[in-house]
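Sequences are here, hints too, so could you generate the full structure?
Residue numbers (the UniProt record's numbering), protein chains in the order written: chain A, 1 to 416; chain B, 1 to 416.
Since the hints were derived computationally from the structure, they do not count as laboratory data.
A few of these clues could be false.
Which copy? The list can't say, so a pair holds if one copy fits it or any two copies do.
[To be verified] Here are the computed lysine to any residue pairs in the SDA-like style, where the Cα-Cα straight-line distance is at most 25 Å:
1) Lys412 <-> Ala73
2) Lys97 <-> Pro316
3) Lys97 <-> Thr305
4) Lys327 <-> Thr402
5) Lys97 <-> Leu20
6) Lys15 <-> Thr402
7) Lys97 <-> Gly355
8) Lys412 <-> Asp245
9) Lys327 <-> Arg85
10) Lys97 <-> Glu321
11) Lys327 <-> Glu275
12) Lys97 <-> Ala13
13) Lys327 <-> Gly398
14) Lys327 <-> Arg210
15) Lys15 <-> Gly52
16) Lys15 <-> Phe296
17) Lys327 <-> Ser186
18) Lys97 <-> His122
19) Lys15 <-> Thr416
Predicted, not measured: the structure shown is a model, and the values here were computed from it.
Number of protein chains: 2
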Amino acid sequence: MMSLAALVRARDAGKASPELMLALCRDAIARKDGRIRAFAHVAETAPAQAAGPLAGIAIGVKDILDSFDQPTAYGSQVYEGYQPRVDAAIVDLARRKGATIIGKTATTEFAFFSPAATVNPHNPTHTPGGSSSGSAAAVAAGMIPAAIGTQTGGSVVRPAAFCGIAGYKPSYRLLPATGMKHFAPSLDTVGLFAAGVVDVALFAALLTGRDLVPGDGEAPLDPATIRVGLYRCSQLESADPAMRDALSKAADLAASAGFDVGEIGEPEAMARAREAHATIQNHEAGLSCGSDLARFRDRLSGILTSTIEDGQAITPSQYDEARRLAKRGRGATRGLFGEVDILLTPSAPGAAPRGLETTGDPRFNKLWTLMGSPTINIPGFRDQAGMPLGIQAVARFGQDRTLLSVAAMLEKSFRT
Amino acid sequence: MMSLAALVRARDAGKASPELMLALCRDAIARKDGRIRAFAHVAETAPAQAAGPLAGIAIGVKDILDSFDQPTAYGSQVYEGYQPRVDAAIVDLARRKGATIIGKTATTEFAFFSPAATVNPHNPTHTPGGSSSGSAAAVAAGMIPAAIGTQTGGSVVRPAAFCGIAGYKPSYRLLPATGMKHFAPSLDTVGLFAAGVVDVALFAALLTGRDLVPGDGEAPLDPATIRVGLYRCSQLESADPAMRDALSKAADLAASAGFDVGEIGEPEAMARAREAHATIQNHEAGLSCGSDLARFRDRLSGILTSTIEDGQAITPSQYDEARRLAKRGRGATRGLFGEVDILLTPSAPGAAPRGLETTGDPRFNKLWTLMGSPTINIPGFRDQAGMPLGIQAVARFGQDRTLLSVAAMLEKSFRT
Numbered sequence: 001m002m003s004l005a006a007l008v009r010a011r012d013a014g015k016a017s018p019e020l021m022l023a024l025c026r027d028a029i030a031r032k033d034g035r036i037r038a039f040a041h042v043a044e045t046a047p048a049q050a051a052g053p054l055a056g057i058a059i060g061v062k063d064i065l066d067s068f069d070q071p072t073a074y075g076s077q078v079y080e081g082y083q084p085r086v087d088a089a090i091v092d093l094a095r096r097k098g099a100t101i102i103g104k105t106a107t108t109e110f111a112f113f114s115p116a117a118t119v120n121p122h123n124p125t126h127t128p129g130g131s132s133s134g135s136a137a138a139v140a141a142g143m144i145p146a147a148i149g150t151q152t153g154g155s156v157v158r159p160a161a162f163c164g165i166a167g168y169k170p171s172y173r174l175l176p177a178t179g180m181k182h183f184a185p186s187l188d189t190v191g192l193f194a195a196g197v198v199d200v201a202l203f204a205a206l207l208t209g210r211d212l213v214p215g216d217g218e219a220p221l222d223p224a225t226i227r228v229g230l231y232r233c234s235q236l237e238s239a240d241p242a243m244r245d246a247l248s249k250a251a252d253l254a255a256s257a258g259f260d261v262g263e264i265g266e267p268e269a270m271a272r273a274r275e276a277h278a279t280i281q282n283h284e285a286g287l288s289c290g291s292d293l294a295r296f297r298d299r300l301s302g303i304l305t306s307t308i309e310d311g312q313a314i315t316p317s318q319y320d321e322a323r324r325l326a327k328r329g330r331g332a333t334r335g336l337f338g339e340v341d342i343l344l345t346p347s348a349p350g351a352a353p354r355g356l357e358t359t360g361d362p363r364f365n366k367l368w369t370l371m372g373s374p375t376i377n378i379p380g381f382r383d384q385a386g387m388p389l390g391i392q393a394v395a396r397f398g399q400d401r402t403l404l405s406v407a408a409m410l411e412k413s414f415r416t
Numbered sequence: 001m002m003s004l005a006a007l008v009r010a011r012d013a014g015k016a017s018p019e020l021m022l023a024l025c026r027d028a029i030a031r032k033d034g035r036i037r038a039f040a041h042v043a044e045t046a047p048a049q050a051a052g053p054l055a056g057i058a059i060g061v062k063d064i065l066d067s068f069d070q071p072t073a074y075g076s077q078v079y080e081g082y083q084p085r086v087d088a089a090i091v092d093l094a095r096r097k098g099a100t101i102i103g104k105t106a107t108t109e110f111a112f113f114s115p116a117a118t119v120n121p122h123n124p125t126h127t128p129g130g131s132s133s134g135s136a137a138a139v140a141a142g143m144i145p146a147a148i149g150t151q152t153g154g155s156v157v158r159p160a161a162f163c164g165i166a167g168y169k170p171s172y173r174l175l176p177a178t179g180m181k182h183f184a185p186s187l188d189t190v191g192l193f194a195a196g197v198v199d200v201a202l203f204a205a206l207l208t209g210r211d212l213v214p215g216d217g218e219a220p221l222d223p224a225t226i227r228v229g230l231y232r233c234s235q236l237e238s239a240d241p242a243m244r245d246a247l248s249k250a251a252d253l254a255a256s257a258g259f260d261v262g263e264i265g266e267p268e269a270m271a272r273a274r275e276a277h278a279t280i281q282n283h284e285a286g287l288s289c290g291s292d293l294a295r296f297r298d299r300l301s302g303i304l305t306s307t308i309e310d311g312q313a314i315t316p317s318q319y320d321e322a323r324r325l326a327k328r329g330r331g332a333t334r335g336l337f338g339e340v341d342i343l344l345t346p347s348a349p350g351a352a353p354r355g356l357e358t359t360g361d362p363r364f365n366k367l368w369t370l371m372g373s374p375t376i377n378i379p380g381f382r383d384q385a386g387m388p389l390g391i392q393a394v395a396r397f398g399q400d401r402t403l404l405s406v407a408a409m410l411e412k413s414f415r416t
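As structure tokens, then:
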């Protein structure tokens, strides 16, 4: 894989020009993407920018986000050949910071469940996860150092887990969502992918200008001051044995690394909030995608059509009740993060399932999307077949810097 | 003006067909819009729908919201002739409820400050207010019974006040914003216009299916149980004498109508939140409109260009600090609405200013947009020149039904 941090260091040391860095990615895409099918569109001639913190960094952008210079199909035949007039806010921001948008990465239809053609780089008979399938696979296959995706249920953290890379879903609206094809705006969250935690943290910092990574000479975090809670939610019982093993090992390794590790139960209000996710998502999808349904019903998949219809049948009272449950859940989440700093939980029930018909299950992700909590997939573990198993770390809303710093230390300990 | 409530009653009693109701609007537009210039586009042949709670209701949609069957220019030459593929969520919802989108109403450029060509129906040398200029003027001129607009600062309540109609800005995200040209997503709020409060409340109820208006046979609200607070914010001193008079009279009339009226001061945290509005708005505009600036700088107005540039110069720390002030303000607002149910405050510093170069001042509106509180312009007062003076009622987040019910009673008392 290509490390964004290593590329930036090489560039800043004058050892690699932005043009060379870009050429490496073009070459890798030409060699690999025929097999991986991570890209919906490749910008064959997009040049490197000479300046900016992301100069020379080729990024893939999930094709649910608008780009003025490349077609944007939202994973749907309805939008084949559609050419937006302006970039999504996050795409424009990446360009302003010097990045090159080297292509649009494959997404499930409207970032929902109907899969793209992308395969898992670790085994092409397995799903790469979704909905940000191409973004995760392109990074995992070593074609690009970084990519942008979105998450409404588990669409950043799950494909990152299945592909064995870092996938970071920031606090709600830390990254702008304007210019994405919205499905459920109160959940839709822009997220980032890179090879490892340090890479994705640097990507986030360079993209936003936020203080998200430790500065040179800054004293390292003392792990003894960080309370890490192994999150005993009821979903845990339904995880694969290999995943449950990995989570135990993760907790042990965190303790060995000096973190203050314990177990913590799931408050009832958070379990109930998780159940409210579908009502909120589908009601909002019924509104956001209502015009697509009215105009293009025959060209949408069955699962999308029925979800939009379901959503339109949800009454305002049912929606309001679900929002109340979410609000109570957020209160309980704040309480929980009074007791721990970081939660550890699986990123998915197990490794990437065999088959390309589904993109896997978001049961370990959707609560955090609804709570707005920052989460990250930490790669490092594998199952007996060698497929990646992802551990998810979660922090309190707004504590993205702590999340990224702790996750970087945990990743190191997982890999030793 | 056309009363939406009267039209719906006539239709339901079989006294007016949807076709006839639509024809009345077409005729009024043909006769009046050459002078008022409220419409950016008129759908000459859009038919009436036979069914749905809004069947026969012709509505104007602010041209900042996408429509699949009519060009959508966002008030900008950059988007002249632009034809979205799908409707904005609120437009699709209106169609599903039976409404006819009879045209797109004029907006300032990107719903910011550069004015449209629309004039004030009460005096064509005065601004209609903005940014939802055409929506307010089209209703006020009696061309259509209802219109949809948006508010980021004061773009619903202010033009409603200047045009002497009801303008309702619901609680944040009570109406879906997907498919609008976003300026500052955490502020951008879809709102509604109609001749009077009862009309706009009925419009909101029929559009959303929400329980927002008293049912038949429901006991009327007892005004003695409603605490109305005349809001003594510091802006009040800068309002025109005619407006300060109107506000005093409004408080007196509310007391005469039996409401429990008092005065209430502005908590410091709310005053500081108001000051944070510009930082939040401009930073978000710097992101949302960054691609427009990069691509079309020469075709944007000077005020828009400089605001986007300003926004891009605001650091994440400055933005976060402004968000913290807003959060504290929301806490103080919750506290305030423990003491009163409804606040009364001017909708604008005075009547519509003479001249078409500006659309007036949002100083009485932007706090409530930032707080997410539902607000409404109650028409009824006029200055010595006969120009409308608007009184704004504000309620706690989520208390839209109370706001609309109380505002309807106040409107009645203002008109007697």
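Structure-based check of all given hints:
no. : hint              : in the structure
1   : Lys412 <-> Ala73  : neither (38 Å within a copy, 52 Å between copies)
2   : Lys97 <-> Pro316  : between (42 Å within a copy, 15 Å between copies)
3   : Lys97 <-> Thr305  : between (38 Å within a copy, 19 Å between copies)
4   : Lys327 <-> Thr402 : both (24 Å within a copy, 22 Å between copies)
5   : Lys97 <-> Leu20   : within (18 Å within a copy, 57 Å between copies)
6   : Lys15 <-> Thr402  : neither (32 Å within a copy, 66 Å between copies)
7   : Lys97 <-> Gly355  : neither (38 Å within a copy, 42 Å between copies)
8   : Lys412 <-> Asp245 : within (18 Å within a copy, 69 Å between copies)
9   : Lys327 <-> Arg85  : neither (37 Å within a copy, 35 Å between copies)
10  : Lys97 <-> Glu321  : between (42 Å within a copy, 23 Å between copies)
11  : Lys327 <-> Glu275 : within (13 Å within a copy, 27 Å between copies)
12  : Lys97 <-> Ala13   : within (19 Å within a copy, 62 Å between copies)
13  : Lys327 <-> Gly398 : both (17 Å within a copy, 13 Å between copies)
14  : Lys327 <-> Arg210 : between (28 Å within a copy, 20 Å between copies)
15  : Lys15 <-> Gly52   : within (17 Å within a copy, 67 Å between copies)
16  : Lys15 <-> Phe296  : neither (51 Å within a copy, 36 Å between copies)
17  : Lys327 <-> Ser186 : both (12 Å within a copy, 18 Å between copies)
18  : Lys97 <-> His122  : neither (32 Å within a copy, 49 Å between copies)
19  : Lys15 <-> Thr416  : neither (29 Å within a copy, 81 Å between copies)
The structure fails to meet hints 1, 6, 7, 9, 16, 18 and 19 from the earlier list, while all remaining hints are met.
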